[in-house]
Amino acid sequence: MAYKHKWTILFVSAALLALQSTVSMAAVVEMVVIPCTPQLRPDECGLKIKVVQGTATFTTTTGQTVTVSAGTVVTVSGTGIVSQSAQSGSILNFASAATGSEATGSIGNAGAAGGAGGVGGQTAALQGGGESNGGGGGSSGVATGSTSVSTGGGGLTGGGVGAGGGPTPLGTGVTSSTSP
Amino acid sequence: MPKHLWASVGALAMLFTVQSTVSLAQTPKIGGATAVKNQVRGNVGGTTQRILKGSNVYSDEVVHTSAASVADLKFLDDTTLTVGPISEIRLDKFVYDPSGSAGSVVINVTRGAFRFVTGKQDPKAYQIKTPYGTLGIRG
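Chains as they are written, first to last, in this note's numbering: chain X, 1 to 180; chain C, 181 to 319.
Just so you know, the hints here were simulated from the structure itself, not pulled from any lab data. The beta-carbon is built from N, C-alpha and C at its ideal position, and this holds for glycine as well. Be aware that one or more of the hints could be misleading.
[To be verified] Where chain C lies over chain X, by a calculated footprint (3+ residues, C-beta under 8 angstroms):
no. : region
1   : 48-57
2   : 83-89
[What the hints assert, rightly or not] Derived, one-sided and incomplete: chain C residues facing chain X with beta-carbon distance under 10 angstroms:
no. : residue
3   : Trp186
4   : Val242
5   : Ala248
6   : Asp258
7   : Val297
8   : Gly313
9   : Arg318
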């Protein structure tokens with residue numbers, strides 16, 4: 001009887017171990033990179049990373065290391081300031097090519113426009129935290145141009161952040177529309 | 181004379197084709213595009229090719245997406261990379277041995293936006309480089 005129990009325990013343990021190995025989940029990371037160029041102000045460029053699943057460490061070019069856990073967003077401004085915040089939605093304003101839709105809409109109400117906006121939309125997402133106004137930037141990005149990061153910047157000033165006025169992890173919070 | 185001209189043109193075209201094939205053959209295939217929306221290009225070994233659904237992607241390839249364009253890439257280790265509009269990434273390093281020995285995947289993001297899902301390898305094998313620093317997956 002005792003032996004039977006022993007085997008049962010061993011069997012269950014092995015099954016649990018196997019299950020754990022199978023369940024071991026992939027890490028999921030979203031990232032927006034806007035390189036600083038002479039055409040962009042330091043607050044218009046930077047990096048935004050969201051770890052959706054798993055954990056990661058980010059090491060800046062100056063050697064500062066930050067651990068990023070699931071649900072956390074790390075933002076590095078154009079001047080190198082690193083900040084962290086929690087964010088529930090996606091920081092991206094496009095869907096995968098397989099889905100065929102313009103945008104996920106998960107960034108906020110204006111997200112659909114952001115999908116077409118490309119870097120313009122992502123610029124706004126970077127600036128605005130992506131919760132409420134990221135997509136708007138994208139919409140303007142389409143209107144003002146669509147082939148370079150600097151035109152994406154036009155998206156930022158044209159509508160995204162100006163319209164939304166949401167939280168600004170990078171600090172400045174552009175709130176007025178300055179694009180043509 | 182025109183015959184010669186045609187021969188020259190034919191030879192040049194053949195050389196160009198051979199060169200393209202050789203440059204692609206020199207870099208190992210590391211995966212492919214599972215879906216593509218609009219204009220996506222890949223540059224490998226100095227040769228630029230349009231990336232379509234089903235196209236291969238190679239080590240050291242630089243992938244560019246145009247406005248309103250998205251590429252879904254899947255690598256041999258089942259890593260997936262969705263590259264958003266107006267982005268540029270380089271597939272710097274891809275080492276994967278299905279038998280389980282240590283591999284390494286390094287992606288260099290120059291600009292743009294993307295979503296990255298790790299594949300079958302140890303999470304620590306994955307690294308994403310950006311102009312602002314390097315992200316290493318831990319688990």
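Does Val242 (chain C) pass the interface hint, meaning its C-beta sits closer than 10 angstroms to a C-beta of chain X?
For Val242 (chain C), the interface hint is violated, since the closest Cβ of chain X sits about 14 angstroms away, which is over 10 angstroms.
Coverage claim, chain C over the region 48-57 of chain X, checked by counting residues with Cβ within 8 angstroms (three needed):
holds (count 5)
Mind checking the CB of Ala248 (chain C) against every CB in chain X and telling me if the closest is under 10 angstroms?
holds (5 angstroms)
Go through the hint on Arg318 (chain C) and say holds or violated, using the shortest Cβ distance to chain X against 10 angstroms.
With a minimum Cβ separation of about 5 angstroms from chain X (threshold 10 angstroms), the hint on Arg318 (chain C) holds.
Chain X contact restraint on Gly313 (chain C) - CB to CB distance below 10 angstroms
holds (4 angstroms)
Next item in the hint list is Asp258 (chain C). Is there a CB on chain X closer than 10 angstroms to its CB?
holds (8 angstroms)
Restraint outcome when Trp186 (chain C) is required to lie within 10 angstroms of chain X by C-beta distance:
At about 39 angstroms, which exceeds the 10 angstroms cut-off, the nearest Cβ of chain X leaves the hint on Trp186 (chain C) violated.
Per-residue hint verdict: Val297 (chain C), partner chain X, C-beta under 10 angstroms:
holds (5 angstroms)
Coverage assertion for the region 83-89 of chain X with respect to chain C, Cβ distance below 8 angstroms, three residues required:
violated (count 0)
Hint violations for this structure: numbers 2, 3 and 4, all remaining hints satisfied.
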